[in-house]
Amino acid sequence: MPVTIADCPAEAQMTWIDVAWTAAASASLTLGGVHLFVWFKERTQVARLWFFALSVSVPVFGFIELLAMYASTPAEYVVASRWAQPPLFLIVASMVGFVRSYFGTGRTWLAIATVATRAAALIVNFTSGVSVLHRDVTGLARVELWGGVVVSAPVGTLNPWIVLTVISNALLAAFVIDATMALWRRAGADGRRRATVVGGALLTCIGVAAVMGFFISAGTLRSPTPLTPLFFVVVVAMGYELGLDLLRAVQLSRSLAESERRMDLAAQAAELSFWSWDVRRDRVWTNARGRTQFELDTAGPTTLADLLHRVHPDERESLSTAIREAAAQDKPFERELRLSLPSGNVRWIGLRGQREPDGPAGTVLGVAIDVTVRQRLEREAAQKRSELAHLSRVATLGELSGSLAHEINQPLMGILSNAQAAQRFLAHDSVNLDEVREILADIVEDDKRAGEVIRRLRPLLKKGEVQLETLDVNRLVGDVIRLTRNDLINRDVATNVSLANDLPRVRGDLVQLQQVLLNFIMNACDAMDGQPNPTLLVATRLDDGHCVEVSVKDSGPGVPPADLERIFQPFFTTKDHGTGLGLSVCRTIVNAHGGRIWAQNDPAGGATLRMTLPAMAESK
Amino acid sequence: MSSAREIVYVVDDDPSVRKGLTRLLRSGGFASETFESAQQFLDQHDARAVGCAILDLAMPGVDGLRLQTALREAGSVLAIVFLTGHGDVPSSVQAMKQGALDFLQKPVGDDQLLAVTRAAIERSRKLDVERRELADIEQRLATLTPREREVLGHLVAGRLNKQVAADLGTVEHTVKMHRARIMEKMRVRSFAALVRLAQRAGIAGPPPSPR
Chain B
1 MPVTIADCPA EAQMTWIDVA WTAAASASLT LGGVHLFVWF KERTQVARLW FFALSVSVPV
61 FGFIELLAMY ASTPAEYVVA SRWAQPPLFL IVASMVGFVR SYFGTGRTWL AIATVATRAA
121 ALIVNFTSGV SVLHRDVTGL ARVELWGGVV VSAPVGTLNP WIVLTVISNA LLAAFVIDAT
181 MALWRRAGAD GRRRATVVGG ALLTCIGVAA VMGFFISAGT LRSPTPLTPL FFVVVVAMGY
241 ELGLDLLRAV QLSRSLAESE RRMDLAAQAA ELSFWSWDVR RDRVWTNARG RTQFELDTAG
301 PTTLADLLHR VHPDERESLS TAIREAAAQD KPFERELRLS LPSGNVRWIG LRGQREPDGP
361 AGTVLGVAID VTVRQRLERE AAQKRSELAH LSRVATLGEL SGSLAHEINQ PLMGILSNAQ
421 AAQRFLAHDS VNLDEVREIL ADIVEDDKRA GEVIRRLRPL LKKGEVQLET LDVNRLVGDV
481 IRLTRNDLIN RDVATNVSLA NDLPRVRGDL VQLQQVLLNF IMNACDAMDG QPNPTLLVAT
541 RLDDGHCVEV SVKDSGPGVP PADLERIFQP FFTTKDHGTG LGLSVCRTIV NAHGGRIWAQ
601 NDPAGGATLR MTLPAMAESK
Chain Y
1001 MSSAREIVYV VDDDPSVRKG LTRLLRSGGF ASETFESAQQ FLDQHDARAV GCAILDLAMP
1061 GVDGLRLQTA LREAGSVLAI VFLTGHGDVP SSVQAMKQGA LDFLQKPVGD DQLLAVTRAA
1121 IERSRKLDVE RRELADIEQR LATLTPRERE VLGHLVAGRL NKQVAADLGT VEHTVKMHRA
1181 RIMEKMRVRS FAALVRLAQR AGIAGPPPSP R
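If you read the protein sequences in the order shown, they are chains B and Y. 1 is the number of the first residue of the first sequence in our numbering; add one for each residue after it. 1001 is the number of the first residue of the second sequence in our numbering; add one for each residue after it.
By construction, these hints were calculated from the structure, which means they are not laboratory data. Among the clues, some could well be false.
Said to hold, decoys possible - Listed below are several chain Y residues computed to face chain B (Cβ distance under 8 Å; list not exhaustive):
id, residue
1, L1021
2, H1045
3, R1048
4, V1050
5, A1058
6, P1060
7, G1085
8, V1089
9, P1090
10, V1108
11, G1109
12, D1110
What the hints assert, rightly or not - Example chain Y residues on the side facing chain B (calculated, C-beta under 10 Å, incomplete):
id, residue
13, R1018
14, E1036
15, G1061
16, T1084
17, D1088
18, Q1105
Ideal Cβ positions, reconstructed from N, Cα and C, are used throughout, including at glycine.
Just need the whole structure built from these sequences, with the hints factored in.
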């Protein structure tokens, strides 16, 4: 069916096909340009680059397709039809690439097979027949499309290698279906929409092209296969999704900014500061509060050394190690330390740091909070506790003063009478030097004894800091009983002592623990006032292997059950002149030692006051 | 020295105090014996002993005050001196009320201790003399017949022989006979001496006549 040029529509007159093809091409190029720009700014989004490739290939293909449709001779048609194949290859390749990078799914072998068969078709395109589609084109049929537009359709024999394009299309369809389903299964609502829109457009495009191809090759339909609109649908679908992503990114950045503002507000309210350390560049960043807190220069970069320079020398080394370990071994740290600031101020801060979560070893992130006030309050509270303990101790010793005077006056009496006896002997002519020597030895002994009493007493009266040391509880019990001995005698109290052998040592403040025991004994004695045969049992034992228990049992009337707990409360007293502080201070002391204190009544009568102290590990 | 005979008993639970006191007392010329507890002292003590007891106030078991009570009840003439490690007003008041000679606070200087000891021994000695005299009088009184004791009572009350005879329903001569016998048995020369003896022995006159 020969066609002459005169039959062809005049070029001067634009048809709707010209308009549609041109519009699709320019829209495609515009979209592609936008996303090329985005890719340029954000190189990780490779899908945008694939999209750009597609958006360029489609207009090129469209232009060649137009040439084919307006071909006036078979030769013209053949040239156009042959050169339509390279952009078509690029289109298929960028579709595959886009799906792979945008969906993150799709089987690699399917992708490779699709592109490979398409490449094979491209080779055949230039080596066999007039194109991969036709062995030869003998003529052009004139086909009238919708709107009265007349285009050319080829007449000739098909190239048997056309099967390659069919296989390639089938593979592409398989690849897209597989990738879309995989994304559908894996993703949430957002991903499913993405799968539907992009996958749907692609499959529609492939499907329509396949159906049309089938009818044309079967001879049922006489028409060219206008693929450009189909490709344009794909471009629009992909562009729509990528555009939505941009929109989301904008929303995300807005909500990020908002959450940052909220975070700042919270940080300000909590007086928190943030800091981070870039290990490779050795740069420390902090927010504004952090710069004030650490008194860092507002201008110029800060290094880790600058930051550490603000830390008290005693703690500098260990903090440096902690931060480096956090970076190297992903080991978070938390500590309280002193800052010695350039202004001369000393502040306490709590510092926390850890490697950036899921990040490389490159950055350590952390927060800092000013705890100066809390530290001061804690110190003040500790001092108050210590003062109260001291007062209560002195009060207890006051009750014992008579006995203590006795304890000191006994050896003084020995010293004085021995010394004066010696003076008198020496005044006589016949001096027995042996006896004088003996007297002097006795004086020395008595003097030591008096000194010992004072030694035991002095720390109890002293107002000192808490000093933790390793203690033998049995020795502590012995010391306190020596101090109270005379009082016990005066009160006619029979005292029994039962000390366990091989007790582990405990860690504690000797004076405070003596104070507790002293209070126990004094309370027991007070409880037995006016009772017949007052008896006291002071015992130590190992309690289930982890604690050393000290108990003082009396033979008094016992404690009313309702008061067993209340006797440890401040200002609770049953005595006429009691302050009600003794046992409450004891409880504070024992709790601070990590121990327990309690009272119980014995079925056989009398009450027992007990305290347990954690035993130290056997490694002395 | 005159004090050689008397012994100072030291009761104190503190061995070094016992030793020191012993030496000091010896340097002052006093012999002493020491006891570590009140009980030990009570067990070994001779109630007739004359001398001084220096007691520690606060001792385990029986304390100084109770020892003092026990000694008094046993009729001891030991003069008691308390030593105490610290002044305790109620105890000192009780001790003095019970007749302690002194209440000293440790440590005590030699002069004070020796002076108090000397005074204590002096007092004990005096008490001992009195006790002996009284015992002697009691002994002589014991030789009187009941009738003679009756007559002695009347005479000490200052009644005349005539009145006594009337009271007892006898004659004056018999009363005179009794009186001579009494004076002989009591070994007194004068009637005034007899009255003095009787008064020391605590013999008073008969109750006033009902008539």
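Hints versus structure:
{"no.": "1", "hint": "L1021", "in the structure": "holds (5 Å)"}
{"no.": "2", "hint": "H1045", "in the structure": "violated (22 Å)"}
{"no.": "3", "hint": "R1048", "in the structure": "violated (29 Å)"}
{"no.": "4", "hint": "V1050", "in the structure": "violated (24 Å)"}
{"no.": "5", "hint": "A1058", "in the structure": "holds (5 Å)"}
{"no.": "6", "hint": "P1060", "in the structure": "holds (5 Å)"}
{"no.": "7", "hint": "G1085", "in the structure": "holds (3 Å)"}
{"no.": "8", "hint": "V1089", "in the structure": "violated (11 Å)"}
{"no.": "9", "hint": "P1090", "in the structure": "violated (12 Å)"}
{"no.": "10", "hint": "V1108", "in the structure": "holds (7 Å)"}
{"no.": "11", "hint": "G1109", "in the structure": "holds (7 Å)"}
{"no.": "12", "hint": "D1110", "in the structure": "holds (4 Å)"}
{"no.": "13", "hint": "R1018", "in the structure": "holds (9 Å)"}
{"no.": "14", "hint": "E1036", "in the structure": "violated (13 Å)"}
{"no.": "15", "hint": "G1061", "in the structure": "holds (9 Å)"}
{"no.": "16", "hint": "T1084", "in the structure": "holds (8 Å)"}
{"no.": "17", "hint": "D1088", "in the structure": "holds (7 Å)"}
{"no.": "18", "hint": "Q1105", "in the structure": "holds (8 Å)"}
Checked against the numbered hints given earlier, this structure breaks hints 2, 3, 4, 8, 9, 14; the rest are met.
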